[in-house]
Amino acid sequence: MYKLEARDIQLYYGQKHALKGISMAIKPNTVTAFIGPSGCGKSTFLRCFNRMNDLIDTCRIEGEILIDGRDIYKDRINVVDHRKKIGMVFQKPNPFPKSIFENVAYGLRINGITHKKFLEETVERSLRQAALWDEVKDDLKKSALALSGGQQQRLCIARTLAVEPSVILMDEPCSALDPISTAKVEELIHELKNKYTIVMVTHNMQQAARVSDRTAFFYLGELIEYDDTPTIFTNPAKEATQNYVTGRFG
Amino acid sequence: MFKDSLFKYFAIFCTSIGLIVLALLLFDIFSKGLTRIDWDFITNLPSRRPERAGILTALFGMMWIVTLTILIACPIGIAAAVYLEEYSSKNRFAKFIEINISNLAGVPSIIYGILGLEVFVRLLKLGNSVLAGSLTLSLLVLPVIIVATREAIKSVPNSLREASIGLGATPWQTIQRIVLPACFGSILTGIILAISRAVGETAPLIVVGALVYVPFVPQTPMDQFTVLPIQIFNWTSRPQHGFVVNAAAGIIILLLFVFLLNSIAIILRNRHNKRVKY
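Protein chains in written order, with our numbering: chain D, 4 to 253; chain Z, 23 to 300.
These are calculated hints, taken from the structure and not from any lab test. Possibly wrong hints are sitting among the right ones.
Capping the alpha-carbon separation at 27 angstroms, the derived lysine-lysine pairs in DSS-like fashion look like this [unchecked claim]:
#1 D/19 / Z/147
#2 D/95 / Z/117
#3 D/87 / D/196
#4 Z/112 / D/19
#5 D/77 / D/101
#6 D/87 / Z/176
Covered stretches of chain D (in silico footprint by chain Z; criterion: 3 or more residues with CB under 8 angstroms from a CB of chain Z, positions within the stretch not fixed) [claimed, not checked]:
#7 24–32
#8 116–129
#9 222–234
Using N, Cα and C, we set each Cβ at its ideal position, and we do this for glycine too.
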């Protein structure tokens, strides 16, 4: 059974046809990388999985997106509950202007959880999972905005893990980070794979090659090729993919 | 070169005109009124005799009006701004409302007075009461509060909303826990500036029937009232010299009040800017 499935997704921003009939199936506990030049629709496609595109007034979407076999656009699904199962990490670290503790506890608090012990345990576990605990354990009351960019991004990952999603979407999670922080986040992704299904957008070919099991190449709103990562990088079926991964265009 | 320095001195001259006029005005008022201010002036009821007249009723009337105006205008204004920024889709209708609100902020206050007279005093039969006055002033400050709150809400980066929504928060939870706390300082600044404008308003309150002579302090929102600017206005139109002195003293008190409100607004804004950086 597939964790995520997209069937013939057509997406429009007003008049602009942004995604042209994309179908894809993603297995559980894998890392899938979306690559392609800017504006090719990979972030837009990623945002279909947690219905983030709903926030844009002019956006219209056709087709089916199935998560654990349920169509999240058709069934009378509760979008808010659904988003709790699909975590998202954004391009720019975006911690709330609150303390480190409150950032991680936010997802629990909005569910009405006030049990202090439980909150503390979850915050610690999430920060440990995100490999941030040792760096911040004495400063949990401090503002999250005082952390470095790399720490902020790992905090955002911890915040996502705290609500125990089954899928994590990452939209260029390392593009604002330095190489050392990037290495930490990549290592983290590798570990998280055991528990979660991860889908990430990246502009960094080496990163896609390093961390992902499967890679999808997008170009001008179409899914050009989707295959095992080694195949995409060493022996792609399409010439466009070959040109892109070898840096001849894009 | 000559033209450049000429323009520089011209600009300095223009700047100083404003400052000099203000300084003269302040000097005139302070030299006339400062010695008149004492505890009796603040606690005495109005009187025919200038040396026994005080501003107690006007001061309390002003407090009543300000408090009620805040209670009425703030919830409505903030809710309207939240709706316009966070819920309404950005279509023609929203644009239409937006332009209208901006225009309302520029409508002369006397017009609000006439509206208040017709709707609150006559139609709703509230009479010349504190409540009618507050409702009228609420209408006056509502556009200002809405515009200021919208600007504040706009300044909250979208990435924070996305983060909250992405964690499964409802739009209302996002507004309540993320958006409003993040821009609370700027909203408060806007409200205080709006209120300090309302404090100085005379015309609409005269139209809705604020009295110039009220021998008692308002006890309920349905009582008759007067406010400081009206008291001052009344004193300046009297022939006796003593009332002119009273008016100057009243102006000093009013200035202090507005100055205090504006200072609070500035302090809040600075503290907020220091605390929240994105």
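Going through the hints against the structure:
As the CA atoms of residue 19 of chain D and residue 147 of chain Z are separated by approximately 56 angstroms, the hinted pair breaks the 27 angstroms bound. Restraint check: the Cα-Cα separation between residue 95 of chain D and residue 117 of chain Z comes to about 31 angstroms, which exceeds 27 angstroms; the hinted pair is violated. With a C-alpha separation of about 18 angstroms, the suggested pair residue 87 of chain D and residue 196 of chain D falls inside the 27 angstroms cut-off, and the hint holds. Restraint check: the Cα-Cα separation between residue 112 of chain Z and residue 19 of chain D comes to about 18 angstroms, which is no more than 27 angstroms; the hinted pair holds.
Distance hint between residue 77 of chain D and residue 101 of chain D is unfulfilled; the C-alpha atoms sit about 36 angstroms from each other, more than 27 angstroms. With a C-alpha separation of about 26 angstroms, the suggested pairing of residue 87 of chain D with residue 176 of chain Z holds against the 27 angstroms cut-off. Counting residues of the region 24–32 of chain D whose CB lies closer than 8 angstroms to any CB of chain Z gives 0, so the stated coverage by that chain is violated, three being the minimum. Counting residues of the region 116–129 of chain D whose CB falls under 8 angstroms from any CB of chain Z gives 0; the rule of at least 3 is not met.
Given as covered by chain Z, the region 222–234 of chain D fails the check, having 0 residues with a CB less than 8 angstroms from a CB of that chain where 3 are the minimum.
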